[in-house]
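Asker: Chain by chain, the residues:
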Amino acid sequence: MGLPVFTAAEDPGPDFVGLLRRTGVSSGVPAGGAAGGEPGVGPVRHGTTVVALRYAEGVVMAGDRRATEGHAIAHRAMEKVFAADRFSAVAIAGAAGPAVEMVRLFQTQLEHYEKVEGVVLSLEGKANQLGQMVREHLPMAMQGLAVVPLFAGYDLDRQRGRIFNYDVTGGHYEETEHSATGSGGRDARTTVKLGYRVGMPRDEAVELAIEALYEAADEDSATGGPDLVRGIYPLVATVTALGFASVPETEVAERFATLIDRRRSEGRQP
Amino acid sequence: MTMPYYVAPEQVMKDRAEYAQKGIARGRSLVATTFDDGILVVAENPSRSLHKVSEIYDRIAFAGVGKYNEFDQLRVSGVRHADTKGYAYSRDDVDARSLANLYAQYLGQVFTHEMKPLEVEILVAELGTDRKPDQLYHIAYEGTITDEDRYAVLGGETQAIADRMERVWHDGWGISEATRAVVGALGGPDRVLEPKDLEVAVLARGNGRRTFRRIEDAELDSLLA
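From first to last, the protein sequence lines are chains A and B.
Residue 90 in my numbering sits at position 90 of the first sequence, and the numbers go up by one each step.
Take any residue in the second sequence, count from 1 to its spot, add 1000: that is its number in my numbering.
If you're looking for bench data, these hints aren't it; they were derived computationally from the structure.
Owing to the predicted nature of the structure, the values given are computational and were not obtained by experimental measurement.
Some hints could be false.
To be verified - Label pairs and their computed distance ranges (CB to CB):
| # | chain 1 | residue 1 | chain 2 | residue 2 | range |
| --- | --- | --- | --- | --- | --- |
| 1 | B | Ser1047 | A | Asp167 | 40 to 46 Å |
| 2 | A | Thr23 | B | Gln1159 | 35 to 41 Å |
| 3 | B | Arg1150 | A | Arg22 | 35 to 41 Å |
To be verified - Here are a few chain A residues that sit away from chain B, every Cβ distance over 10 Å (derived from the structure):
| # | residue |
| --- | --- |
| 4 | Gln132 |
| 5 | Gly171 |
| 6 | Thr250 |
| 7 | Phe256 |
| 8 | Ile260 |
C-beta atoms are modelled at their ideal positions from N, C-alpha and C, and glycine is treated no differently.
So here's chain A without its partners, still in its complex pose (with noise of 0.2 Å):
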């Protein structure tokens, strides 16, 4: 590996996956036309339900620990939120390979272009990248390793929390109050589009995103819930205006207690 020199005319400005290409080191994200194959390589690993919410500070976002192969539980404790940089987290559902692969390499961008350019990509210049990110892999989505991210961040300039949520053709749509996706995103959605006030607390707004979750798995199979003979529970992390920060996992186990006592005392079903 020699010190990457280039000439004006060719150089890749702050643009990593650009610098990745020209060096010859393989990105992970194919540069169109991926290789060949009948739709479906059979059982790959597959992450599931993800959400975001706004709450009065910044947003929550969360997500469970399962990975699925086909039918077969294949990983109990994977990782599915992470922050993107100092004040965005990025969140994934689909084939967890490509999709970790994809936030590796949208967390370098991000600090490549804030090292190269000496300023921070503004909260929508960060969103469109990972938009461009999922379009490239559209080759391999059609291939049924689609890679869907949630996008959450704290918008310096406008001091609010704001998410997006992408499809697989990379596009982006920005969602006033909450967002969820994976196969359990439409009961996760439900349930915090039921519990959602404008403006809530933090608090309030971390309880609501582990009870979507909690509802997530209890409807949908690929979705795992909190498992407290292991002791694992779902990722948290909040993103406010003083950056990206992780809920402890013994807040987000002690939450899930009261959660379902309070359920019990109010006579509804755990």
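Following the hints, complete the assembly by docking chain B onto the known chain A.
Answerer: Same frame as chain A, now just chain B:
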């Protein structure tokens, strides 16, 4: 028909070295030093946007003196190298030594093969870990590389500044003592440098994964007060 002149290789190298040194000496100097929580870099730089000190990677910083466009190109290629390496292997595999060697090779090659040598002197600083000390790699315009574990001086009147640093430097000093001492050494006996003339940045252990941080405005004022 004109005959090509013969110029002795010694003369060619001497001329090039002189040319590069002149270019570097025109600019202002820069000092990097270790302190109890990491590495401190202080540059004399009145510009707020054209930086001399920048982040390369989690624990690596870059600093350059001389011609801005030339050392900035080196900075960007360092970022590219580090990010590509960290992406292809792992974040832990990115180290300053290999980057410093690449810079040295490149500078050496340009010095001997190109029309014009680069008029720059650069520093690659790496924050150590429990198993590895802090390291400062100083690379000159012709590719000479030296490693320091206390302080490094880059730029024009380096000898005078280095002498002043030698007198004040001591192990385990804190950030505000170190900053004041370095600013004093940069300015010398006749000049007092104001915060607006300075660019200050640290690689500090307390900063999380990305250890690079600029010290600006009120924070710098309070360090120098």
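Asker: Each hint: holds or not?
Answerer: Now for the hints, and whether the structure bears them out:
no. : hint                             : verdict
1   : Ser1047/B / Asp167/A: 40 to 46 Å : holds (45 Å)
2   : Thr23/A / Gln1159/B: 35 to 41 Å  : holds (40 Å)
3   : Arg1150/B / Arg22/A: 35 to 41 Å  : holds (39 Å)
4   : Gln132                           : holds (17 Å)
5   : Gly171                           : holds (26 Å)
6   : Thr250                           : holds (21 Å)
7   : Phe256                           : holds (28 Å)
8   : Ile260                           : holds (35 Å)
Comparing the model with each numbered hint stated earlier shows that all of them hold.
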